[in-house]
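**Student:** Spelled out from the first residue to the last, the chains are:
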Amino acid sequence: MEQQAIHNYLHNFFSLNQCEIKESRQGKITVKLNEELDRLLLNRPFYWEYIKKIGQEGETATLTFISSPSMRHEEGEWIHFGSPRLHQIFNSQLAQGRYTMLYEQAGQTALNPWLVNNIMISYKGRQKKDEILSIGLHLINGTMVFNFMELLKKISFSSVIPDYSYTISPIVRIPSAFNRINNYLQHYLSEQEDDWAKEAYEHFDKEKEILNHFYESYTETASDDEKELLKERYENEVDHLEKRLLPEIQIKIINGGLFYLSETTSNQFIGK
Amino acid sequence: MDIKYQFDKQFPNELDKKLIENGPFCSFDMFQMAYETAKSLAVPNFKGLMSPNYLPHMEFLDHQLDCAKQVVEKMSGRAILADEVGLGKTIEAGLILKEYMVRGLAKKILILVPASLVNQWVKELNEKFYIPAVSQRKSYVWEQCDVVVSSIDTAKRPPHKDIVLSQKYDFIIIDEAHKLKNHKTKNYQFVNSLKKTYCLLLTATPVQNQLADIFNLVTILKPGYLGSYDEFSKTFGNKRSALKRDENLKQLVQNVMVRNRREDTGIDWTKRKIDTIWINFSEDEQSAYDDLDHELFSKDPFTSITLKREFCSSREACYLSLKKMVEQHEENNSKQEWGEQVIQKIEQLPHHAKAKKVIDIIGNSDEKFIIFTEYRATQYYLQWYLQQHGISSVPFRGGFKRGKKEWMTQLFQNHAQVLIATEAGGEGINLQFCNNMIHYDLPWNPMRLEQRIGRIHRFGQKEDVNIYYLAIRNTIDEHLISLLYEKINLFERVIGDLDDILEQLNIPNLENEIKEIFAESQSPGEARIKMENLTAAFQQNQEEGMSEDGTASNS
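Those protein sequences? They're chains P and B, same order as listed. Quick note on the numbering used here: the first sequence kicks off at 1 and runs consecutively. Quick note on the numbering used here: the second sequence kicks off at 1 and runs consecutively.
By construction, these hints were calculated from the structure, which means they are not laboratory data. Every value quoted in this text rests on a predicted model; they were computed, and no experiment measured them. Some clues are possibly wrong.
As the list claims (entries may be wrong) - Over the 12 Å line for every Cβ pair with chain P, so calculated as not near, a few chain B residues:
{"#": "1", "residue": "Ser40"}
{"#": "2", "residue": "Glu73"}
{"#": "3", "residue": "Ser228"}
{"#": "4", "residue": "Gln328"}
To be verified - Using 27 Å as the maximum straight-line C-alpha spacing, the simulated DSSO-like pairs for lysine-lysine come out as follows:
{"#": "5", "chain 1": "P", "residue 1": "Lys206", "chain 2": "B", "residue 2": "Lys47"}
{"#": "6", "chain 1": "B", "residue 1": "Lys168", "chain 2": "B", "residue 2": "Lys69"}
{"#": "7", "chain 1": "B", "residue 1": "Lys324", "chain 2": "P", "residue 2": "Lys198"}
{"#": "8", "chain 1": "P", "residue 1": "Lys208", "chain 2": "B", "residue 2": "Lys108"}
{"#": "9", "chain 1": "B", "residue 1": "Lys345", "chain 2": "B", "residue 2": "Lys324"}
Said to hold, decoys possible - Computed Cβ-Cβ distance ranges for the label pairs, DEER-style:
{"#": "10", "chain 1": "B", "residue 1": "Asp16", "chain 2": "P", "residue 2": "Lys32", "range": "35 to 45 Å"}
{"#": "11", "chain 1": "B", "residue 1": "Asp62", "chain 2": "P", "residue 2": "Phe46", "range": "45 to 55 Å"}
{"#": "12", "chain 1": "B", "residue 1": "Leu349", "chain 2": "P", "residue 2": "Phe46", "range": "57 to 67 Å"}
{"#": "13", "chain 1": "P", "residue 1": "Lys32", "chain 2": "B", "residue 2": "Thr185", "range": "55 to 65 Å"}
{"#": "14", "chain 1": "P", "residue 1": "Gln186", "chain 2": "B", "residue 2": "Pro44", "range": "18 to 28 Å"}
Think of the CB as a built atom: it goes at the ideal place given N, C-alpha and C, for glycine as much as any other residue.
Construct all of the structure, not just a fragment, from the sequences and the given hints.
**Tutor:** Below, the structure is given as C-alpha cells:
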C-alpha cells in the first residue's frame, strides 16, 4: 500500500466509523475518535471503567496520523504499511466487515438472493502465496459468478428492504451453497499448475530419506532406552519436516453475506 | 497429486447463524473495505521478499537482502547465518523472521540469546521490525506471548524447561550459536529437543576448534544432512581446514549456511584514522602523580591504581576519591593525613595537560567532536574548561532517559560543537553525522572502546573517521597503550574476534585481568613482563587462527 493509499484508507476508515475528521489534507489526518475506536486503538480500559463508574461520558482522544514523508516534521504519528497501528486498524476493519445482508435499491421489483463470498486461498509449499477469489452464487439456480466484488461496485445498497420491493426465498440453502463453493474450489485447484507442490514434495522426500538413514544408523547400535529416545526424536523431526515442506492449500473466507439483487441486475451478472 | 486441503469450516456456520438471528450485519462500505484490506495484505508471489515493504524506515544492505532471500527461497527457512561480525546478522534474522510472519507462516516464536543481549533483541525487534517481542520475565510468558526472547540458561532450567519443550514453535532463532558446538552439553540437548518448524542459528564463528563443530550445528538444523557422526568424520576427518579444502563439504555446507565477509559486501567502508597523542605531565603534575605510589597502599594496590587512573583523567576525578578516602579513614591518621596532603598539592596544579591538548585539537577545527571520558567529574570539568575557551558542548550519560538522550543528540547536531559522553550506552542514538572522536581516557575493557567507536563508524558514515587516543607518558596510560593496545592492534580490531580470543584464552574479563596484573606485581618491571606474556598469548592465538583456516574465523 502506497503512502497516498494509506491516507485515503484512514480517511475512509474513520469516516465509516463515524469519527469526526478535524483535518484531512495530503498526508495528514486528524480525527476525534469515538468511544469504540478509542477503546480499540488506545487500550486504556481503566480509564473507561473509571469514567463509567462515576457516571460520565468520557473524553475520547484526538489523534493525528502523518502518512506523507514531506509532513514528517509535523506533530503526529508516522504511519506506514508496516506500522502496528495500521495493522490494528486493518484487523478491526476485517472483523467489522465480515458478515452482511444487503438489498439493492432498485425501485419496485423482486429481489433475488445471492451468497457473496470473498475467499483467500493460501498455497503453502517451500514458500507461500495467496490468491483472492470473489464468488457470487445465485441461490435460486445455483449459477456461480466470479470477480463479484467488481460487479457490485456500481450498485447502491441499503440494509433494509426498499419500499415496494420483495425478496424471493432462496432455494439453495446456505450450508449447501458453501458445499458447492467448496466443490468448485477443489475442481479449480486441480486445474492449477502444481509445480510448487511437486517441488515441495521432492524436497520433503529427499530430506525424509536423509532423516531415515540418520536415525537408522544410530538405532542399530543403540540400547533399548536410547532407542526409545531416538524414536521420539525421529518422530519429532518428521513432524517438523511435514510442517515445513508438505504442500498444503488453505481456504479462508475473508467475508461474505446474503445479497438481494434485482432481477435485472441478476440477469446481467449471469449474462442472460 | 495429493495436496493437503483445508476449507474454512467456521465461517459458513457463523454466517448461517447470523442470518437466522438477523444480524448484526455491516454496511456495504464496511464490507467492501474489509475486502480491500484483505487484498492489500495478501502475498501474491512465492518468490521475493515482502518484509522490506513493511519496514520503510529501514535501509537494508544488499548482502542482507540477498541473505534473507536465499534463506527463504533456497533453504526453506532453516539456516546458519554466519556473517562476519558487524555485517548485521541480527538484521538478517529480523528480516527473515518478519518475512515468515508477514506470510502467515510464523506466529509462535522463540528467540534464545545470551542473557546480556535479551533486552537489546527485544528492543531491536520492536523498534526496527515492529515485531512485538517480549523478554521472558514471568513463567506465564512462555505460553501467553507469541514472540519470546530468553537466555538459554533460563529456558533450560526447571520449571521453564518443561513448558518450553511442550510448546510447538513455528520459528526459533538462536544467537551466538557456536556455544552449541559440543553435542554432549545440556544446552545442545535442550535445543535439539525443541519443537520447531523454521530455525536460524547465528554465529560469526561456525567452526571454532574442530570440524565437528559444524557437524553439530548442521545436525540441529537438518539431522543426517552431513550423515551420522561416524560417517562424517570418516569422510572428512576432523581438521577444520577440510572446510576450506574439501569441495564436497564446502558445497554441502553452503546449502545450509550463509556467510558474508566484509570485503564481499561491496560496501565502501570509510577508513579509521587512528592517532595516539602522547602528552607529558608538567613537572608538578608528574610529582603529584608519583606521590600516589605510596607505601600506604602496599596492601591495597587497587586503590592506588584507581587514583592513578583518575589522576590521568583529571584532578577533579582524583580529588573526589581522595576526599572520600579522607572521610572514610578518620580513625586511620596516616591515610587521612596523606590524603589531605595530596589534596592540597593537586589543588595547586594548573589545568590538566590532557585538557589543554583537547583545546589544541578542537580549537583548530570547526568540525564536530565526541569526547569520551570514564569519569563524571572529568565530564563536568571539561565542559567548563571548553566553555572557557569559547567551545560549546553538551553532556551525555548512559543514565539519561531516552527523551533526554535524543534531545542532547539534537542539540549536538544543530548547535554544539562537542558532545562529552561518559558512556557509549546510547543504542539506537544516531551519531553518524560526527566523524571525530577523542578518547580522553582509555577504558580498560576494550569492548567498551569498540562500542564507543561503533557509535560513529558504522553504515551511514560518509567520512573517514578520526579517532584520537590521549595518553600520558610515564604513567599507567603508557603501559596500557604500548603493551596491550598497540601490540595486538586492539585499535583496529573488530570486537567479535577479540571476544573469541578471550574465550579461547579463558579470560572472561580482560579488564579484571589487567587490573590484577598491575595490582599483584611488585614492580613496574614485573607488570611489564606479565603484560607482555598476555600480549604474546594474544598474538599467538591470532596467528594460529589465520594460518590454519580462513573459513572458520579470523581469530
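**Student:** For glutamine 328 (chain B), is the shortest CB-to-CB distance to chain P above 12 Å, so the non-interface label stands?
**Tutor:** holds, 49 Å
**Student:** Hey, does glutamate 73 (chain B) actually stay past 12 Å from chain P on C-beta?
**Tutor:** The assertion about glutamate 73 (chain B) is violated, with a minimum of 7 Å to chain P.
**Student:** Please verify whether lysine 168 (chain B) and lysine 69 (chain B) have alpha carbons no more than 27 Å apart.
**Tutor:** Holds. Lysine 168 (chain B) to lysine 69 (chain B) sits at ~25 Å (cutoff 27 Å).
**Student:** Quick check: does the Cβ-Cβ distance between leucine 349 (chain B) and phenylalanine 46 (chain P) fall within 57 to 67 Å?
**Tutor:** holds, 59 Å
**Student:** Given the hint of 55 to 65 Å, is the C-beta distance from lysine 32 (chain P) to threonine 185 (chain B) inside that range or not?
**Tutor:** holds, 59 Å
**Student:** Going by Cβ atoms, does serine 228 (chain B) stay more than 12 Å from chain P at every point?
**Tutor:** violated, 4 Å
**Student:** Just to be careful, I want the Cα atoms of lysine 345 (chain B) and lysine 324 (chain B) compared with a cutoff of 27 Å; is the pair within it?
**Tutor:** holds, 17 Å
**Student:** Below or equal to 27 Å on CA atoms is what counts here, so check lysine 324 (chain B) against lysine 198 (chain P).
**Tutor:** Not OK: lysine 324 (chain B) and lysine 198 (chain P) at ~76 Å, beyond 27 Å, violated.
**Student:** Confirm or reject the claim that aspartate 16 (chain B) and lysine 32 (chain P) have a C-beta distance inside 35 to 45 Å.
**Tutor:** holds, 38 Å
**Student:** Given the hint that lysine 208 (chain P) pairs with lysine 108 (chain B), does the C-alpha gap stay at or below 27 Å?
**Tutor:** Roughly 24 Å between the alpha carbons, so the hint for lysine 208 (chain P) and lysine 108 (chain B) holds.
**Student:** Using the C-beta atoms of aspartate 62 (chain B) and phenylalanine 46 (chain P), is the stated range 45 to 55 Å upheld?
**Tutor:** holds, 48 Å
**Student:** For the pair we were handed, lysine 206 (chain P) and lysine 47 (chain B), check the Cα-Cα distance against 27 Å.
**Tutor:** holds, 22 Å
Hint compliance for this structure: hints 1, 2, 3, 7 are broken, all remaining hints hold.
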